[in-house]
Amino acid sequence: MLVRLAPFLGLAVLAGGCAGNGPPPIVATAPTPQGFKERIAALALTQLQFGAVSVIPVRFEKSRIAGPFEDGERTLYCVTSRMRGRSLFEAERAKVVIREEIGSERLSVVTDDDEVCSGHHAVPFPELEAYAARRT
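Here the sequence shown stands for residues -19 to -1, 1 to 117, numbered as in mature numbering (1 follows the signal peptide of the UniProt record, and there is no 0).
For the record, the hints were derived by calculation from the structure and aren't laboratory data.
Just so you know, even glycine gets a beta-carbon here, dropped at the ideal spot from N, CA and C.
Hints may be right or wrong, so weigh each one.
[Said to hold, decoys possible] Each computed DSS-like pair below joins lysine-lysine, with the alpha-carbon atoms no more than 30 angstroms apart:
id, residue 1, residue 2
1, Lys18, Lys76
2, Lys18, Lys43
3, Lys76, Lys43
[What the hints assert, rightly or not] Between beta-carbon pairs, the in silico distance windows are:
id, residue 1, residue 2, range
4, Gly100, Pro38, 30 to 40 angstroms
5, Ser85, Arg40, 29 to 39 angstroms
6, His102, Leu69, 32 to 42 angstroms
Based on the sequences and whatever the hints tell you, model everything.
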């Protein structure tokens, strides 16, 4: 009789171990952005022009950010980078304009203003490259 129940007892022990009260298993997810520049980098990397839906892994180099600067009643940041990996021999240029809502620090993408970035001083943006490397 005990020989017949042995497989079921083993299954019960395994199932009981899976439904334990311990902490949930660690699941690999994208890292949570900590600082303000990391939040800008995270938003930029969700855009199509930054390879958000690319099946092929991409890497970023010479990333730059301009801003904050005022345009009317908006506070804007411009993010540019060279993206390698999707095309065989040359880098693609990715660019996005991000708006900060004053007071709430909410960030959103401005889709209708590509010329607003011209003439503004851009500085290196290593947070974009570091955040992209951490999430892959």
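Against the structure, the hints:
Simply put, Lys18 and Lys76 have alpha-carbon atoms about 16 angstroms apart, close enough for the 30 angstroms limit, and the pair holds. A C-alpha spacing of about 16 angstroms is found between Lys18 and Lys43, which places the hinted pair at or below 30 angstroms, so the restraint holds. Using a Cα cut-off of 30 angstroms, the hinted pair Lys76 and Lys43 holds, with the two alpha carbons roughly 12 angstroms apart. About 34 angstroms separates the C-beta atoms of Gly100 and Pro38, a value consistent with the hinted range of 30 to 40 angstroms.
As the Cβ distance of Ser85 to Arg40 is approximately 33 angstroms, the hint placing it in 29 to 39 angstroms holds. Between His102 and Leu69 the Cβ separation comes to about 33 angstroms, which falls inside the hinted range of 32 to 42 angstroms.
Violated hints for the displayed structure: none, as all numbered hints are satisfied.
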